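Asker: So the sequence lines, in the order shown, correspond to chains A and B. Under my numbering, the letters of the first sequence match residues 1 to 237, in that order. Under my numbering, the letters of the second sequence match residues 238 to 474, in that order.
Rather than coming from a laboratory, the hints here were simulated on the basis of the structure. Hints are supplied without guarantee of correctness; some may be wrong.
Unchecked claim - Facing chain A, according to a computed beta carbon distance under 10 Å, are these residues of chain B, among others:
#, residue
1, ILE245
2, ALA267
3, PHE292
4, LEU309
5, ARG311
6, THR359
7, VAL452
Keep in mind it's a predicted model, so treat the numbers as computed, not measured. The C-beta atom is built at its ideal place from N, Cα and C for all residues, glycine as well.
Read off the chains here:
Protein chains: 2
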Amino acid sequence: MAEKTIGILGGMGPEATLDLFGKIIANTPAARDQDHLRVVIDSNPQVPDRTAAIFKEGESPVPAMKAGIAALKRAGADFVVIPCVSAHFFLDELQREAGLPILSMFDVTAEHIRQHHAHIRTVAMLATTGTIKGGRFRAKLEQSGIATLTPEGPDQERVMAAIYAIKGAAGARDREAIGAEIRAIAGRLVRRGAQGVVAGCTEIPLVLQPGDLDVPVFDTLLLLARAAIAAAGKGLV
Amino acid sequence: MAEKTIGILGGMGPEATLDLFGKIIANTPAARDQDHLRVVIDSNPQVPDRTAAIFKEGESPVPAMKAGIAALKRAGADFVVIPCVSAHFFLDELQREAGLPILSMFDVTAEHIRQHHAHIRTVAMLATTGTIKGGRFRAKLEQSGIATLTPEGPDQERVMAAIYAIKGAAGARDREAIGAEIRAIAGRLVRRGAQGVVAGCTEIPLVLQPGDLDVPVFDTLLLLARAAIAAAGKGLV
Chain A
1 MAEKTIGILG GMGPEATLDL FGKIIANTPA ARDQDHLRVV IDSNPQVPDR
51 TAAIFKEGES PVPAMKAGIA ALKRAGADFV VIPCVSAHFF LDELQREAGL
101 PILSMFDVTA EHIRQHHAHI RTVAMLATTG TIKGGRFRAK LEQSGIATLT
151 PEGPDQERVM AAIYAIKGAA GARDREAIGA EIRAIAGRLV RRGAQGVVAG
201 CTEIPLVLQP GDLDVPVFDT LLLLARAAIA AAGKGLV
Chain B
238 MAEKTIGILG GMGPEATLDL FGKIIANTPA ARDQDHLRVV IDSNPQVPDR
288 TAAIFKEGES PVPAMKAGIA ALKRAGADFV VIPCVSAHFF LDELQREAGL
338 PILSMFDVTA EHIRQHHAHI RTVAMLATTG TIKGGRFRAK LEQSGIATLT
388 PEGPDQERVM AAIYAIKGAA GARDREAIGA EIRAIAGRLV RRGAQGVVAG
438 CTEIPLVLQP GDLDVPVFDT LLLLARAAIA AAGKGLV
């Protein structure tokens, strides 16, 4: 069976796009260039802010995202992945009109937890306020029998500020401080009963690694990378 | 003036493509996603081996590269950069037929050395045997008044083996050993009179950093990233 071409609808932000591309390369079994998969990327940072749009306080990102999917299709993509959890709020709308299948981070994450961590009944969600208030990631996990804990008011504001700070190219020292804050917030949710932490925004794994906490941390971008490689018809490293 | 969209003709190899994309992001002045440039990438690792083709021992990569440039054009690229020095052997042929301007690593490197290191008359070239025997990078530097020293026979074989080992996803420990070998080879060329070292293959900067030697190391991929940002109409960090 011919391998499929992965299309990355990127730019939301560019660094998460880079991170996903790197995770696809690192998780593909390859001994030479020609063993890798074809990946086409449209990294378009001009897509309007997703969280603002979820709150109906900003322009919809859907037209720009549709244009990006059309560009990926013209470039030869067989299916699409989107390295931005907040953007998944608009997935149903995009799926209907995009003309290419989209692999959902919500589905991939819920399936991974069910298959590999079947004992988990409650996870902590670290995500943009858009993702949290949008409620669609929570709904998908609930369908899979997984309840979601979210940071309390001021903690959620800190998570959101941290995400924008990372997007704003926070320096190495700032990143260390941001990481410490994120770990503390996650720790409070674990004490409230979370048996795992979902890094539910692509910026979070840049400051929170598996092993940083006593419970599993689910890097949704890594899960998406591995699912994309499998969907393209390759084994995994 | 509207900013231009950068097209990356990638996959030769995927890791160099990732590295270039990362260098474009890191060198773009940005405080939020929307400040970044649009970048479209076709990372197609099935492009035939460039060094084998230069020696007429393998299939030409030109048809696959032309198809990639056409895909980038359809996706909206305004100009093209190619994160593979060896592939630049075929640049004249591609420039004639591609339908999009291509920014040459040879030109960018020669101009950088002339503008910022005007005292340099001789550089060491660490590159694939295809790039060395192809002679076109050397010719471009010579036009700018810069002579090129290349590793002697067995050292050149070691450079080529190192490049393929890096492409083959050499582990961190292997990379350290490869880096030590590359530094030793570069050191011998400096003792023969090289006043700077051109990392003339995109895999070389992965194991040789500026500061590793007493003379400047020219990371051709970084120079290409910065030239692409400027060509797209942005300032630089």
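Asker: Hint by hint, say whether it matches the structure.
Answerer: Hint check results:
1. For the restraint placing ILE245 of chain B at the interface with chain A, the shortest Cβ-Cβ distance is roughly 8 Å, inside the 10 Å limit, so the hint holds.
2. Here the hint on ALA267 of chain B is kept, as its CB sits about 6 Å from the closest CB of chain A, short of 10 Å.
3. Given the 10 Å rule on beta carbons, the hint for PHE292 of chain B is violated: about 17 Å separates it from the nearest Cβ of chain A.
4. Checking LEU309 of chain B against chain A by beta carbon gives a least distance of about 7 Å; that is within 10 Å, so the hint holds.
5. About 4 Å separates the beta-carbon of ARG311 of chain B from the nearest beta-carbon of chain A, less than 10 Å, and the hint is met.
6. Because the beta carbon of THR359 of chain B sits about 32 Å from the nearest beta carbon in chain A, more than 10 Å, this interface hint is broken.
7. Because the closest C-beta pair between VAL452 of chain B and chain A is about 27 Å apart, greater than 10 Å, the hint is violated.
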